[in-house]
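Colleague: First to last, the sequence lines map onto chains A and B.
Here our numbering = 1-based position in the first sequence + 13.
Here our numbering = 1-based position in the second sequence + 13.
Treat the hints with care, since some could be wrong.
Which copy? The list can't say, so a pair holds if one copy fits it or any two copies do.
As a list, the in silico SDA-like pairs of lysine to any residue whose alpha-carbon atoms are at most 20 Å apart [to be verified]:
id : residue 1 : residue 2
1  : Lys29     : Val130
2  : Lys236    : Thr200
3  : Lys236    : Trp78
4  : Lys236    : Asp80
5  : Lys29     : Leu193
6  : Lys213    : Ala128
7  : Lys29     : Asp102
8  : Lys213    : Ala233
9  : Lys190    : Leu173
10 : Lys29     : Glu131
11 : Lys236    : Ser24
12 : Lys29     : Arg127
13 : Lys29     : His188
14 : Lys190    : Arg32
15 : Lys213    : Glu116
16 : Lys236    : Asn79
17 : Lys190    : Arg126
18 : Lys190    : Thr224
19 : Lys29     : Gly70
20 : Lys29     : Leu231
21 : Lys29     : Leu101
22 : Lys29     : Arg126
23 : Lys213    : Leu228
These are calculated hints, taken from the structure and not from any lab test.
There are 2 protein chains.
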Amino acid sequence: MRAHDHERCRSLPLFKNTRPETYRDLTAGAHVQRFPASTLLLLEGDAVDFLYILLDGQVELHGTWNDRETVLAVLQPMSMFILAAVVLDADALMSARTLERSEILMIPGDAIRRAMVEDIQFGAAIARDLAGGFQSMARTVKNQKLRSGVERLANYLIVLNASEGGGDRDLVLPHEKRVLASLLGMTPENLSRAFAALRKYGVGVNGAVVTIANLNALRALAKPDPLIDAHAPRSGDVATKANAEVRETPNSRPELARRSLSQA
Amino acid sequence: MRAHDHERCRSLPLFKNTRPETYRDLTAGAHVQRFPASTLLLLEGDAVDFLYILLDGQVELHGTWNDRETVLAVLQPMSMFILAAVVLDADALMSARTLERSEILMIPGDAIRRAMVEDIQFGAAIARDLAGGFQSMARTVKNQKLRSGVERLANYLIVLNASEGGGDRDLVLPHEKRVLASLLGMTPENLSRAFAALRKYGVGVNGAVVTIANLNALRALAKPDPLIDAHAPRSGDVATKANAEVRETPNSRPELARRSLSQA
DNA sequence: CGCGCATTTGAGGACTGTCAACTTCCGTGG
DNA sequence: CCACGGAAGTTGACAGTCCTCAAATGCGCG
C-alpha cells in the first residue's frame, strides 16, 4: 500500500476521525490487489471476509435470481462496498465484478468488526456510512416503484448533468449502455427506445455522448425530487474530481467517462 | 413509560448491551404516545426529531412522487423506524402513517446521536441495525427488479406461511389488500388478478384468509431465495447469521429453499 | 336498510420484455 | 492494409405484464 493510497483512505469519511492506532491496525492486515476487467470479486451468497475499497477502476454490484440479473450499483474510485455484510458477518447479498481493470484495498472483516467496538469514532463513522447506504437504497426503491423507465432515464440524465457542473456541455455516459439499462431496471432494447422517446424533449444521443438541448423540457418530464434523486455532490466527496480527466483516444468516439452516479 | 415497556425495549437488539446509564439517558427524554389509526406521524422531507419505536399497533412507511404513492414497509410491534435519518440528522425519505391505533415510543434524536458516540456498545448496535436495514432494502430492490408481480406475491405468501409456523393452516393476511398490493409494487386490481393466477397453484382466497393447498407447487413457481426473501426475522433474534432453520414437514422439499447454484 | 369502502371483474391501452435481423464499431489475424 | 468475426447497440414485430377507467359485487357499520 503506497503513501498515496493511505492519504486517500484517510480522507474517506469512514477513516476521517479514527484513532491512528485503529487505522494502523486496520491497514496492517489489509492488502491492495489488482484485478483485470470482468473479474468476479465476490459472489452473492458467499461469506464476506473483507471490506473492499475501490482505489482505482470501476466495479459493478449486481444481484441474480432465476437466470435474471440486475445491476444494483456501479462504483467508482474511493468508495467502499459490502460494508453491511462485513458488519453483520453475514453472506453477501450482491455479487461484485470489475467493469475495468481495478485496484482494490481489502481489509479483513474481523479487523473491521473489532475496531468497531474499540474505537468509538470509527464505530460512529460506520454507522453513518450504513445510514447513508440505507437511504440510498431507499431512494432506489422509490425510483424503481414510482417511476417508469423513461422517467428514470430522464432523472438519471439530470443528475448526471448536475454532477458535471450543470452547464450545457455534452454529457458522456459513464458506463456501457447495457450496464446503464440494467442499473435503471430495463433491457438494453428498452433503454434505446427510452432515449428515442426523449428526443422530443431535446435529448440527443451519439454513442456515449448525450446532449441536452432543452433542460427545462427534460426537467418538466422528469420531475426530479431531492427525496429520490441523489443530491448535488457533497463537498466531502474527494477523488471524484481528481479522476474527471477524460482519456482522449486518437480515434473518433470519446470513451466512457470515469464517473458514476449513486442513484440506481 | 411503563415497566412492561422498559422490559420489552431492553430486549430489543438495539438496547441489549447498552450501559444502564446510557439507557436511562435515552429514555429520560423519551415519551410514549398513542395515535389513532390513519394518522400521519411523519412526512417525507421533514426533519426527523425522534427515533420511533412501535410498541403496539401497526405502522406503514411509504414514499410518494408525482401523485403516486408506494408502501415501502409495514411494521409490527417492537420495531423501530427512521433510524437512518436520525443518525444522519437528515430529512426523512419516507412518510410514516399508523394503519391502526398505535402506541409509539419516541426518543429524541440528539440523545441517540449523543449516546452513539458515548456508549460504544450502543453505537455498534446501531451500526448492526442499520446494516440489517441496508440488507433488507437491498433484498427489496432485488425482489422488485428481478421478479414479476405474481412471483412477488407467491414469495410473499411463502414467507408469511413460514412465519406462522410453516404448517398447512390457513394464513391471515396481516394488512388490507390495497396496502399489500402497494407493498408488493402493484395496483389492487393487479393483486386480485395475481391471486387469481395462483389458483392453479393451489392458492385459495377468502377475504383476508388464504389457504395454500399445494405448497410444493407454489414453491416451484416462487423459487424462494434466501438472498432475496426474509428468513423470519423474529425479535429476540440475536445472531443474524445462519438462521436457516429448515422445518421438515412430510410434504416439504428443503432443497428448494436453497439458492440455485446455477451460475453465469 | 342503506351508505361507504374495499375488492373484484372487464375492457382497453400503455409499458416492458423477447426474439430476430441489422448496423456499427473494434480488435484480430492474414 | 484490409477482411473477418465478435460484441454492442438499434430497430421492428410481437407477446406478456401492468395500469387505468369503469362498473359490479360484497361487506361492515351507522
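Colleague: Against this structure, judge whether each hint is valid.
Modeller: Hints versus structure:
| no. | hint | verdict |
| --- | --- | --- |
| 1 | Lys29 / Val130 | both (17 Å within a copy, 15 Å between copies) |
| 2 | Lys236 / Thr200 | neither (23 Å within a copy, 22 Å between copies) |
| 3 | Lys236 / Trp78 | between (32 Å within a copy, 9 Å between copies) |
| 4 | Lys236 / Asp80 | between (34 Å within a copy, 11 Å between copies) |
| 5 | Lys29 / Leu193 | neither (32 Å within a copy, 43 Å between copies) |
| 6 | Lys213 / Ala128 | neither (54 Å within a copy, 54 Å between copies) |
| 7 | Lys29 / Asp102 | between (24 Å within a copy, 18 Å between copies) |
| 8 | Lys213 / Ala233 | within (12 Å within a copy, 45 Å between copies) |
| 9 | Lys190 / Leu173 | within (14 Å within a copy, 38 Å between copies) |
| 10 | Lys29 / Glu131 | both (16 Å within a copy, 18 Å between copies) |
| 11 | Lys236 / Ser24 | neither (34 Å within a copy, 44 Å between copies) |
| 12 | Lys29 / Arg127 | both (18 Å within a copy, 18 Å between copies) |
| 13 | Lys29 / His188 | neither (30 Å within a copy, 45 Å between copies) |
| 14 | Lys190 / Arg32 | neither (43 Å within a copy, 52 Å between copies) |
| 15 | Lys213 / Glu116 | neither (41 Å within a copy, 52 Å between copies) |
| 16 | Lys236 / Asn79 | between (34 Å within a copy, 8 Å between copies) |
| 17 | Lys190 / Arg126 | neither (38 Å within a copy, 42 Å between copies) |
| 18 | Lys190 / Thr224 | within (15 Å within a copy, 44 Å between copies) |
| 19 | Lys29 / Gly70 | neither (23 Å within a copy, 41 Å between copies) |
| 20 | Lys29 / Leu231 | neither (38 Å within a copy, 50 Å between copies) |
| 21 | Lys29 / Leu101 | between (22 Å within a copy, 16 Å between copies) |
| 22 | Lys29 / Arg126 | both (17 Å within a copy, 18 Å between copies) |
| 23 | Lys213 / Leu228 | within (12 Å within a copy, 50 Å between copies) |
Violated hints, listed in ascending order, are 2, 5, 6, 11, 13, 14, 15, 17, 19 and 20; each of the other numbered hints is respected by the structure.
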